[in-house]
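Trainee: Going down the list, the protein sequences come from chains E and W. According to this note's numbering, the first sequence is numbered sequentially starting from 1. According to this note's numbering, the second sequence is numbered sequentially starting from 1001.
None of these hints come from the bench; they were simulated from the model. Wrong hints could be hidden among the right ones.
Okay, the calculated bits of chain E under chain W, using three or more residues with CB under 8 Å as the criterion [what the hints assert, rightly or not]:
(1) 63-70
(2) 165-177
(3) 181-188
(4) 196-210
(5) 241-250
Cβ-to-Cβ under 10 Å is the rule here; a few derived chain E residues that face chain W [as the list claims (entries may be wrong)]:
(6) Ala109
(7) Met111
(8) Ala215
(9) Lys217
Here are the in silico distance ranges between beta carbons for each label pair [stated by the list, open to error]:
(10) Ala109/E - Gly1155/W: 18 to 26 Å
(11) Ala206/E - Asp1118/W: 33 to 41 Å
(12) Gln207/E - Glu1192/W: 16 to 24 Å
(13) Asp1010/W - Ala206/E: 50 to 58 Å
(14) Pro1250/W - Pro304/E: 50 to 58 Å
(15) Gly96/E - Leu1205/W: 43 to 51 Å
(16) His1199/W - Gln77/E: 46 to 54 Å
(17) Gly1028/W - Gly96/E: 50 to 58 Å
(18) His1199/W - Gly29/E: 22 to 30 Å
Note that the Cβ used here is the ideal one computed from N, Cα and C, for glycine as well.
The chain contents come next:
Number of protein chains: 2
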Amino acid sequence: MTQSLPSWTDGAARRAIVDFVAAVTTPGGPDFAPAPERIAVFDNDGTLWCEQPLQVQVLFSHDRASAMAMADPSLAQRQPFKAFLEHDLATIHALGKQGVFEFAFAIHAGMSVDAFQDEVRQWMASARHPRLERPYAQTVYQPQLELLAYLRENGFKTFIVSGGGVDFMRAFAEQVYGVPPEQVIGSSVQLELREAGGHFELMKLAQLGSFDDRAVKPANIGLHIGRRPILAFGNSDGDQAMLRYTLDGPGRRLALLVHHDDDVRESAYDRDFKLSPLTDTLDRAAEFGIQVVSVKDDWAQVFPPAR
Amino acid sequence: MTQSLPSWTDGAARRAIVDFVAAVTTPGGPDFAPAPERIAVFDNDGTLWCEQPLQVQVLFSHDRASAMAMADPSLAQRQPFKAFLEHDLATIHALGKQGVFEFAFAIHAGMSVDAFQDEVRQWMASARHPRLERPYAQTVYQPQLELLAYLRENGFKTFIVSGGGVDFMRAFAEQVYGVPPEQVIGSSVQLELREAGGHFELMKLAQLGSFDDRAVKPANIGLHIGRRPILAFGNSDGDQAMLRYTLDGPGRRLALLVHHDDDVRESAYDRDFKLSPLTDTLDRAAEFGIQVVSVKDDWAQVFPPAR
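Isolated chain E (complex conformation) (with noise of 0.2 Å):
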């Protein structure tokens, strides 16, 4: 126990981790929880990776839509085409986290899914973070590649229940944070079976399957889990919905929220960040039984040792 997160500090956030999983693996004890109920709900953007200066799906989306403005100049003339070729993050942020994922969709329309995937996979072989100076799979924050690590070794199925794409995520979900594709749930397009010449593939259409943020994300969890978790991690206003319903189950319960207070490390924000503000859950964290862990305080290290 005591090697486990290794880069977690040892404060009230560590402690109440650990406590809980002491809680409800041990046979017999009064918060015991048997392995199937162990289910553990993580947000994706700002809570495993760094979604700062942008989320890092937005950035991807940046390339298509660079393509698709030298196929048809016209678009580069149009919003919001022209502040993402911009970069222009005061239009951007305007757009509100819905309004920029869907953006993001949008411009994918008509891809297969696999073909998708293989462009998300390409891209994050190439790409690199703007700040941080490495690959995206390198923008994953190492306390919680350990907290996700220590929660399987302790029976936990972990899931990411995020407002980011799902066929993003699940392109490299298995390998960076050692999640199923069947574990990832996030926002979606509608799918459509496409035959051609005998065979099948999954087509990604226009329309908005379900956008997975605030109270869609216990839906979703509904939907796709159809058990209530033990333990839930956010970062946002976003995830008030997911962490307040993961604590009125019964039973032992925690819920956490990263708050991101580290301007040396990573970048210090909270209800500043338009496009994902966190206002309303960090100032009733308390009263709603949510545990804050603080970036500068709770983590000894943010990022994995640059390869």
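Following the hints, position chain W against chain E.
Mentor: The following block gives chain W in isolation, referenced to the frame of chain E:
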């Protein structure tokens, strides 16, 4: 290996299964599939348990339709209530599979998922199949229970992908089939998170989420699993898209189709079962590379011993 699948006779179907599993689990062999790729999907009604004279969920819905008609007698004169209350199979069949299931979903709108599943469990504990004279949990096919267990012993993850309601199946799938809720995919209604006094519940709305049949099955596999199965098992034309989508992937694949041809031990039906016919898929099974499983010839035993 020889003790596996004792309720399967030593014929082409059993050999196809055993050969397939040996091939994909032999490390270094040409057909080896790493464990995460070993995804097996099963239809439910008519594939894992009996769907005659009607799908179990339709029979379950009869009790609620009766209660609603007691509260509002005018309902008893209105279709499709009238047909359900009078067990008018011809009218019920004429509604088609989606029509019948949409009625079953509609009469449970407004309940929480938890309350609905409590009702399902209570009904399952007391109701008995009209012909087989046993609880519905014992109208499952013994050879399929053995197959599910055999696949899991060989590193497969077993999923249900059914036109039946996902909340309905999850009320018993773990206990009856050993398939946890997060591996059950089905038709669904929209869910909504409702808060009352700080408590959170998922409510079943009247709007359909998806009707999980035909081409929607592969689309829902894409949404929920995110990779193509390597084994699929169905019993009707509603499963054809899933079977062919499975077979079309790279590497070795297996698709199986139950043909209900045993009127002595169960029911003999295929193209005449209007709610869920088997026509084209049976006629073209060889062309598609689908292994037909005859209840009469391939299953030494159909149901578990009555308890």
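Trainee: Run the structure past the numbered hints and jot down the numbers of the failing ones, going up.
Mentor: 1, 6, 7, 10, 14, 15
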